[in-house]
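Colleague: The numbering of the sequence shown is the numbering used here, which starts it at 1 and goes up by one.
These aren't lab readings, by the way, just hints derived from the structure by calculation. Certain hints may be false.
No farther apart than 27 Å at their CA atoms in a straight line, the calculated lysine-lysine pairs in the BS3-like style are these [as the list claims (entries may be wrong)]:
1. 81 with 130
2. 49 with 131
3. 142 with 81
4. 138 with 70
5. 4 with 130
6. 138 with 13
7. 62 with 129
8. 49 with 130
9. 62 with 130
Label-pair ranges, simulated between beta-carbon atoms [claimed, not checked]:
10. 87 with 14: 37 to 45 Å
11. 64 with 102: 35 to 43 Å
12. 79 with 102: 16 to 24 Å
Glycine included, C-beta positions come from ideal geometry on N, C-alpha and C.
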Amino acid sequence: MALKLEYEVIVDKPIQEVWDYSNNPDNLHLWLNDFLRYEQLTGDRHNPKVGDTSNHTYSQGKSEFTMLEKITAYDPPHHIKLFMTSKMMDMEIVNNFEAVDADRTRLFAGAEFVRLGLIMKVMFLITPKKKMQADHKKQIDKLKELIEAA
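Given only the sequences and the hints, what does the whole structure look like? Please build it.
Modeller: This is how it looks when you write it as structure tokens:
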């Protein structure tokens with residue numbers, strides 16, 4: 001039961017600015033739904049590379065859950081691929097950045113759920129894909145807005 005969420009947007013900023021803002025852990029709470037905190041586990045957060053890991057903690061009702069993130073591909077300022085895992089699910093995140101011109105960047109943001117635990121399978125049955133796609137779009141539109149305002 002793989003589920004893919006994909007969205008593409010044009011950001012009115014140069015590619016390096018879009019890359020830097022999108023990949024700065026200090027900005028995640030500003031645009032990721034329910035994001036609480038970031039914790040670097042391996043590697044240097046200011047000089048990321050393939051294999052680096054971190055924990056991302058999210059709120060879930062009155063509790064929290066943490067996903068382990070591993071960088072699986074890293075080609076600044078064009079491409080980053082992440083594998084995120086928790087007891088509830090595993091997902092692959094792919095973000096591609098392409099300069100449209102000197103001051104505009106095409107950002108493609110993809111998320112594929114590759115494994116779902118029982119609780120997530122039930123949640124996916126009652127939450128329409130259309131709503132999940134709308135939430136994904138809303139997050140990326142918020143990211144675009146923040147980058148353009150920076």
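Colleague: Check the hint pairing residue 142 with residue 81 against an upper bound of 27 Å on the C-alpha distance.
Modeller: holds (20 Å)
Colleague: Between residue 81 and residue 130, does the CA-CA distance stay at or below 27 Å?
Modeller: holds (24 Å)
Colleague: Hey, residue 4 versus residue 130, does the alpha-carbon distance stay inside 27 Å?
Modeller: Holds, because 11 Å separates the two Cα atoms, which is no more than 27 Å.
Colleague: Given the range 37 to 45 Å, decide if the beta-carbon distance of residue 87 to residue 14 lies inside it.
Modeller: Taking Cβ atoms as reference, residue 87 and residue 14 lie about 40 Å apart, which means the hint holds.
Colleague: Between the alpha carbons of residue 49 and residue 130, is the straight-line distance 27 Å or under?
Modeller: violated (34 Å)
Colleague: Between residue 138 and residue 70, does the CA-CA distance stay at or below 27 Å?
Modeller: holds (24 Å)
Colleague: Could you grab the alpha-carbon distance between residue 49 and residue 131 and see if it respects the 27 Å cut-off?
Modeller: Violated. Residue 49 to residue 131 sits at ~33 Å, over the 27 Å cutoff.
Colleague: Are residue 79 and residue 102 spaced within 16 to 24 Å by their CB atoms?
Modeller: holds (20 Å)
Colleague: CA of residue 62 to CA of residue 129, is that 27 Å or under?
Modeller: holds (24 Å)
Colleague: For a C-alpha distance cap of 27 Å, please report whether residue 62 and residue 130 respect it.
Modeller: holds (26 Å)
Colleague: Go ahead and decide if the range 35 to 43 Å is satisfied by the Cβ distance of residue 64 to residue 102.
Modeller: holds (42 Å)
Colleague: Hinted pair, alpha-carbon criterion (27 Å max): residue 138, residue 13. Please report holds or violated.
Modeller: With Cα atoms ~19 Å apart, residue 138 and residue 13 stay inside 27 Å; holds.
Consistency note: the structure conflicts with the earlier hints numbered 2 and 8.
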